[in-house]
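Enquirer: What follows is the residue order along each chain.
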Amino acid sequence: MNNTFNINRFGKILKHDGLNYFPNIILALAILWAIPVVIYLFTSLMPTEETNKVFDACGRINIIDALTKIAVIIAPVRLYKYCNDSRKGIGYAMLPASTLEKFLSMVFYCALVTPIIYIAGALAIDSILALFNGPYEGFAISEFFDTMSQIKHQLINSGVRWEEDLPVYAEYDKLITPFIRIMLSIFGILSLSSIFMFGNMIFKKHKTGKMIGILILLFIIFMIIFINYVANNEEYFEQKLTNIDGENFVKLIIYYFTRGLLVVQIVVSALMLFGVYRKIKTQKY
Amino acid sequence: MIKINNLDFAYKNTQVFKNISLEFQKGNIYGLLGENGVGKTTLLKLICGLQMPQHGSVTIDGLTPSMRQPEFLQNVYFLPEEVITEDTTPEKFVQKIGVFYPRYDFALFNKLMGELEVDLSKKFNELSHGQKKKALLACAMSLQTDYLFLDEPTNGLDIPSKALFRKVISQYCSDETTVIISTHQVKDVENLIDPIVILDNDDVLMKASFTEITDKIYFEYGPERLQNAYYTEMLPGGYINVMPNTEHLESNVNIEALFNAVMKNKETIKNLMK
Numbered sequence: 001m002n003n004t005f006n007i008n009r010f011g012k013i014l015k016h017d018g019l020n021y022f023p024n025i026i027l028a029l030a031i032l033w034a035i036p037v038v039i040y041l042f043t044s045l046m047p048t049e050e051t052n053k054v055f056d057a058c059g060r061i062n063i064i065d066a067l068t069k070i071a072v073i074i075a076p077v078r079l080y081k082y083c084n085d086s087r088k089g090i091g092y093a094m095l096p097a098s099t100l101e102k103f104l105s106m107v108f109y110c111a112l113v114t115p116i117i118y119i120a121g122a123l124a125i126d127s128i129l130a131l132f133n134g135p136y137e138g139f140a141i142s143e144f145f146d147t148m149s150q151i152k153h154q155l156i157n158s159g160v161r162w163e164e165d166l167p168v169y170a171e172y173d174k175l176i177t178p179f180i181r182i183m184l185s186i187f188g189i190l191s192l193s194s195i196f197m198f199g200n201m202i203f204k205k206h207k208t209g210k211m212i213g214i215l216i217l218l219f220i221i222f223m224i225i226f227i228n229y230v231a232n233n234e235e236y237f238e239q240k241l242t243n244i245d246g247e248n249f250v251k252l253i254i255y256y257f258t259r260g261l262l263v264v265q266i267v268v269s270a271l272m273l274f275g276v277y278r279k280i281k282t283q284k285y
Numbered sequence: 001m002i003k004i005n006n007l008d009f010a011y012k013n014t015q016v017f018k019n020i021s022l023e024f025q026k027g028n029i030y031g032l033l034g035e036n037g038v039g040k041t042t043l044l045k046l047i048c049g050l051q052m053p054q055h056g057s058v059t060i061d062g063l064t065p066s067m068r069q070p071e072f073l074q075n076v077y078f079l080p081e082e083v084i085t086e087d088t089t090p091e092k093f094v095q096k097i098g099v100f101y102p103r104y105d106f107a108l109f110n111k112l113m114g115e116l117e118v119d120l121s122k123k124f125n126e127l128s129h130g131q132k133k134k135a136l137l138a139c140a141m142s143l144q145t146d147y148l149f150l151d152e153p154t155n156g157l158d159i160p161s162k163a164l165f166r167k168v169i170s171q172y173c174s175d176e177t178t179v180i181i182s183t184h185q186v187k188d189v190e191n192l193i194d195p196i197v198i199l200d201n202d203d204v205l206m207k208a209s210f211t212e213i214t215d216k217i218y219f220e221y222g223p224e225r226l227q228n229a230y231y232t233e234m235l236p237g238g239y240i241n242v243m244p245n246t247e248h249l250e251s252n253v254n255i256e257a258l259f260n261a262v263m264k265n266k267e268t269i270k271n272l273m274k
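In order, the protein sequences belong to chains A and B.
Going by my numbering, the first residue of the first sequence is number 1, and it counts up by one from there.
Going by my numbering, the first residue of the second sequence is number 1, and it counts up by one from there.
One thing to keep in mind: the hints can contain errors.
[Unchecked claim] Dumping the calculated DSBU-like pairs for lysine-lysine here, alpha-carbon to alpha-carbon at most 35 Å:
| id | chain 1 | residue 1 | chain 2 | residue 2 |
| --- | --- | --- | --- | --- |
| 1 | A | 12 | B | 132 |
| 2 | A | 81 | B | 92 |
| 3 | B | 216 | B | 167 |
[Stated by the list, open to error] Derived coverage of chain A by chain B (criterion: at least 3 residues anywhere in the stretch with Cβ under 8 Å from a Cβ of chain B; other residues may be distant):
| id | stretch |
| --- | --- |
| 4 | 85-95 |
| 5 | 274-285 |
The set of hints was computed from the structure by calculation and includes no laboratory data.
Quick caveat, the model's predicted, so the values are computed rather than measured.
Each residue gets a CB set at the ideal place from its N, CA and C atoms; glycine is no exception.
Please build the complete structure, drawing on both the sequences and the hints.
Expert: Now the structure itself:
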């Protein structure tokens, strides 16, 4: 018997976890789906120039993006809350599937199914709301796949000379290619999901809250180090930014920041997922 | 066969087992007895791979439980003491987990639910504590694993249910099955378990079949308290005396009296049964 991976057994664990999926997460997803509806109703009742501007299709994509991240953050706790519980987790630990199969099923539902279901539902709701003559202009779904490219084409179609009129955006578009943007989105979701899956495995109570606390703490530490570094090298940065190379220097920072961010996302995802796998394998009950 | 070799285990600073070795053979219903907190549940968890030995080894049919391999997991089922159930019916629950077990039998589940008198249509959270326990027992038995571990299975069961429990366990266990029942309520499993294992703090005081026990220990029911008895207890109509069987007399094991005798004469009986 293959004790590492068997496709039939993997199918069974997918079905097992799938049967638990909707009863455990549907309410949370429904609340998140309701938020754009509430915004719609709110802006319908109190339309202002400002809200109309904010809730155009592009703005709504940003809201859906943020809500997707919330769905991804809460998914591990909603779906696998008890898998490290010394009493309630015994059933999960004793389920005859390998660690790899349990791990892949967890990743499948938390990092893949949840964002896909949430985004699909949110875009469907958005499309229905956009059909009415209300504050939602345009369809978020049409902006979804590559917002930056969409904006670019819209601006060009409306007569804007991309390179001449908006040189900074044009340059930005070249520095952060569609491939990099898609990779950043995918690994952004995966790293976020893996961080909270890991938090779900290591903490017994207040799992999401503790993980958010740790992330805030890490962010503060990082910012202190970064600000100190910039303050200590103020002259160097001032010189670089004000002299003739200033523009190139900013481009360089954008170039390396985006690639660096992607590398960080990949490394964090790999480390966290390895941690989740180890915890499933060695968790004591 | 379950083999435990030179096992050491501790929770932080509390030593639970120190260099214990045990074997559990197929075809038996073992009673794992001991006072509260001696490590009965911990031993079951070690056998199931839910805890990991600090030293020594635990193997079941050559497989290491702590590796949690599917080949091992599909052959064992652990029913914990605490009833923790999902918001579903026992039927849906067993169908969900049953697919993982090669010998799972849904017809047997239905039959057991009938014999244990559990309402099939109700969800777990609509059942009483005892009903839940019986439903979970039916689930566990219908999986037909070679190894079944029951932790305090009679806790919370009423008297008729305890009798049903004994009937069901003895009826459905075969020569290929090993059942270990951990309990401190020895009366509940009388006439069901054989052999018995008595645990003490970090040690095994006794592991013996009833034949081995009655070879060396005599259970005498009489009108008076005997001086050379390991343990004596007053019963309605007289006394039970647990004493050395020096004259090779035949008697029936009274588990409760035996347990109390072992607890009062730990070293003596441990050496006697070696």
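Enquirer: With reference to the structure, classify each hint as holding or not holding.
Expert: Hint by hint, here is what the structure shows:
Between residue 12/A and residue 132/B the alpha-carbon distance is near 25 Å, which keeps this suggested pair within the 35 Å criterion. Annotation: proposed proximity of residue 81/A to residue 92/B holds, straight-line Cα distance about 21 Å (limit 35 Å). Distance restraint check for residue 216/B and residue 167/B: the Cα-Cα separation of roughly 29 Å lies within the 35 Å cut-off, and the hinted pair is therefore satisfied. Under a criterion of three residues with beta carbons nearer than 8 Å to beta carbons of chain B, the stated coverage of the stretch 85-95 of chain A is upheld, 7 such residues being counted.
With 4 residues having a Cβ less than 8 Å from any Cβ of chain B, the stretch 274-285 of chain A passes the three-residue criterion, so the hint holds.
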